[in-house]
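There are 2 protein chains.
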Amino acid sequence: MSIRYLTAKLAQQIDEELMNAAGAFSLDQLMELAGLACAQTVAAVFDKSKYPRVLVCCGPGNQGGDGLVAARHLGMFGYQASLYMPKPGSKEIYQRLKKQCDNTAIPTVTGEDELRASLKSSDVILDAIFGFSFKPPIRSPFDVVLPILSESRVPIVSVDIPSGWDVEEGNAEGLGLNPDVLISLTAPKLGVRSFKGRHFLGGRFVPKTMEEKFQLNLPAYPGSSQIVEITNLPSSSY
Amino acid sequence: MSIRYLTAKLAQQIDEELMNAAGAFSLDQLMELAGLACAQTVAAVFDKSKYPRVLVCCGPGNQGGDGLVAARHLGMFGYQASLYMPKPGSKEIYQRLKKQCDNTAIPTVTGEDELRASLKSSDVILDAIFGFSFKPPIRSPFDVVLPILSESRVPIVSVDIPSGWDVEEGNAEGLGLNPDVLISLTAPKLGVRSFKGRHFLGGRFVPKTMEEKFQLNLPAYPGSSQIVEITNLPSSSY
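Same order as they appear, the protein sequences are chains A and B. The numbering used here puts the first residue of the first sequence at 3, with every later residue one more than the last. The numbering used here puts the first residue of the second sequence at 3, with every later residue one more than the last.
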């Protein structure tokens, strides 16, 4: 049984079912576990003794929230995390997560000049800009931001779907980031079937009944880890 | 610098500051991370191949909520978790966390006869009955429940303060549980200074500024773990 790669619509449906009255999860819970999984992925690949400086780039939506949680955990893990939010989110939870980062002394980079300067002293980028609800085209200010990130040549860890990629078609138009590492949340999306780098799965909160209902065929996570590597695992899609 | 052991009042104050407007954490977030730390502690000491069956005993308050989160994560880790809630909590978050356990197919044990039967087929007890807001005496139904747990001789992992112990005076009256393992949350409490078993710390979410303000002198957590063992670490109290 191969792991299932999801359409954008199915990813949305699973997200909704986790948080409706039957699923009973709060957004705070899921975001905390997703963000922790993202931070653990950075730590699994980029040792903090060699790659201490992580620039966490956050979009305005829920994936940006995952990034804020990841930045805080990276700070707790001993990384020098910084935040870049070209378009900060307006939701109350986003403000709270940002405040938690401020309290953990995580600096925020503002504007494209600061971004360029910051990239020169960054060892890793955590790309939490666009998630599974992204639809092309890439709009302002991200049409300017994504090329700056790409041109920096700093290694990139993307969350769920590399920013700029179509959730189902991938990087067909070539305008998206080219990450070295990908952390898919809940289950991978159709658009990353051809991804060649190191691939991890996070979101160890999907109940077995839901996994079976959606035929996700998730791999076993090791021990008490919140992530499992799925590089080169065979895939199936429906 | 030795780790600080907290009074009940100080533990309460730190909890409040984490969740007020300045601290910005939600109860959902803190409970998720605390419960995950409890589950990781069980997994660190009791290998699931030898000790697969964990009975999670939950009180009606926030510590019971930590227990519900831990039970769910233990289920995700591959343990056979069961719940026992002699007095279920009435808060909305408690109901949601219980529902998440139901969705993860974690059975609930009801009544003292079922408890006794369940203990005969349990390998570990996770004691999440009373937390740092407990004040003696031990009231009904817990005056009956605690002796049943003790008499079972099943190894116990206690959360924060072993149930029945005074938060500052410990088990002076001898009516509390005698756990093998303790997982202190945020910082250990005065009452467990004399605890002789394996002792872990969880709650890797205290910002450095708050740690310094309260002179907690927390030890370094390893890697991306949510727990750190503090057995035999020197203590200080104020």
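Just so you know, these hints were derived from the structure itself, not from any lab. Some hints could be false.
Claimed, not checked - Below, simulated PhoX-like cross-link-like pairs (lysine-lysine); rule was C-alpha separation at most 25 Å, straight line:
1. A:Lys52 with B:Lys210
2. B:Lys210 with A:Lys101
3. A:Lys210 with B:Lys210
4. A:Lys215 with B:Lys101
Hints and how they fare:
no., hint, verdict
1, A:Lys52 with B:Lys210, "holds, 23 Å"
2, B:Lys210 with A:Lys101, "holds, 14 Å"
3, A:Lys210 with B:Lys210, "violated, 38 Å"
4, A:Lys215 with B:Lys101, "holds, 18 Å"
The structure does not agree with numbered hint 3 stated previously, though it agrees with all others.
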